[in-house]
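Peer 1: Sequence:
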Amino acid sequence: MRRILLVPGFCEPRFLLKPLRHAIRRSHQSVEIWRDRWVGRSLQTSIDRLKCDLGRDADDADHSVAIVTHSFGDWVTRQAIAELPPNHHVTHLVSIAPIMTTSPIAMGLAAIGGGLISEVPVMARKKRASMNNRLNPNLNRLIIWAKADVWVRPVEFSNKPNLKIESVWASHLSVALQPNVHRKVCEFLLT
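Letter 135 of the sequence shown, counting from 1, is numbered 135 in this note's numbering, and no numbers are missing.
Incorrect hints may have been included.
[What the hints assert, rightly or not] Capping the alpha-carbon separation at 20 Å, the derived lysine to aspartate or glutamate pairs in EDC-like fashion look like this: (1) Lys126 <-> Glu156; (2) Lys160 <-> Glu187; (3) Lys147 <-> Glu166; (4) Lys164 <-> Glu187.
[Stated by the list, open to error] Here are the in silico distance ranges between beta carbons for each label pair: (5) Arg134 <-> Pro179: 40 to 48 Å; (6) Glu32 <-> Asn136: 19 to 27 Å; (7) Arg128 <-> Pro85: 22 to 30 Å; (8) Ser167 <-> Ile105: 15 to 23 Å; (9) Ser42 <-> Lys127: 19 to 27 Å; (10) Arg183 <-> Arg134: 36 to 44 Å.
If you are wondering where the hints come from, they were derived from the structure by calculation, not from laboratory data.
Only a predicted model underlies this, so the values are computations on that prediction, with no experimental measurement involved.
Don't be surprised by glycine CBs; every beta carbon is placed ideally from N, CA and C.
Make a model of the complete structure from these sequences and hints.
Peer 2: This is how it looks when you write it as structure tokens:
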């Protein structure tokens with residue numbers, strides 16, 4: 001059985017991923033939006049919780065997990081996957097407007113005291129934001145960039161057989177709400 005987990009981002013209420021969940025449910029039965037704090041989370045606690053969730057049902061040979069992330073949720077997810085054993089059951093990772101390099105807005109927030117919010121220093125520093133950008137090459141990945149995104153800057157990747165990169169006209173938040181993005185995600189999850 002395949003389980004699909006949607007992981008929201010920084011300051012992102014879960015209901016913003018409900019249209020995407022609805023679109024995915026048309027072709028997959030088990031779709032859930034992962035619960036975590038919106039802001040000011042303990043990063044390692046979030047990573048450990050997600051890692052534990054992804055390890056659930058690990059003994060079931062028919063079990064697989066596909067993950068769809070938005071924004072900072074992708075950073076948390078990449079850290080959790082990197083800490084899983086090599087024989088993990090995560091087969092697909094869809095990253096919508098992911099934090100993979102320095103965010104210009106986060107840099108500004110960090111300069112005016114954004115260190116009080118745990119996510120801001122990660123997004124404001126390239127070294128931390130880019131941690132585990134390149135996961136296991138056997139993991140099927142789709143990265144969708146929003147062309148009008150002021151929060152996130154795209155990252156260049158070399159051609160990999162299991163990596164697909166798309167760009168759409170959208171803002172950072174609207175990209176996760178667009179039907180054309182939902183269609184791309186659903187098609188990718190069927191591969």
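Peer 1: None of the hints should be skipped; say for each whether it holds.
Peer 2: For each hint, the structure was consulted:
1. A hinted pair counts as satisfied when its Cα atoms are at most 20 Å apart, and Lys126 with Glu156 qualifies at roughly 14 Å.
2. Proposed proximity of Lys160 and Glu187 is supported: the alpha carbons are some 19 Å apart, at most 20 Å.
3. Taken as a hint, the Lys147 and Glu166 pair is honoured in the structure, with Cα atoms around 10 Å apart against an allowance of 20 Å.
4. For the hint pairing Lys164 with Glu187, the CA-to-CA distance comes to about 12 Å; that is within 20 Å, so the pair holds.
5. Checking the proposed 40 to 48 Å range against Arg134 and Pro179 shows it is violated: the Cβ atoms sit about 30 Å from each other.
6. Checked against the given bound of 19 to 27 Å, the beta carbons of Glu32 and Asn136, roughly 23 Å apart, stay inside it.
7. For the hinted restraint 22 to 30 Å between Arg128 and Pro85, the CB-CB distance of approximately 24 Å keeps it satisfied.
8. At roughly 20 Å, the beta carbons of Ser167 and Ile105 sit within the given window of 15 to 23 Å.
9. Taking 19 to 27 Å as the suggested C-beta distance range, the pair Ser42 and Lys127 conforms, at roughly 20 Å.
10. For the hinted restraint 36 to 44 Å between Arg183 and Arg134, the CB-CB distance of approximately 27 Å leaves it violated.
Checked against the numbered hints above, the structure violates hints 5 and 10; every other hint is satisfied.
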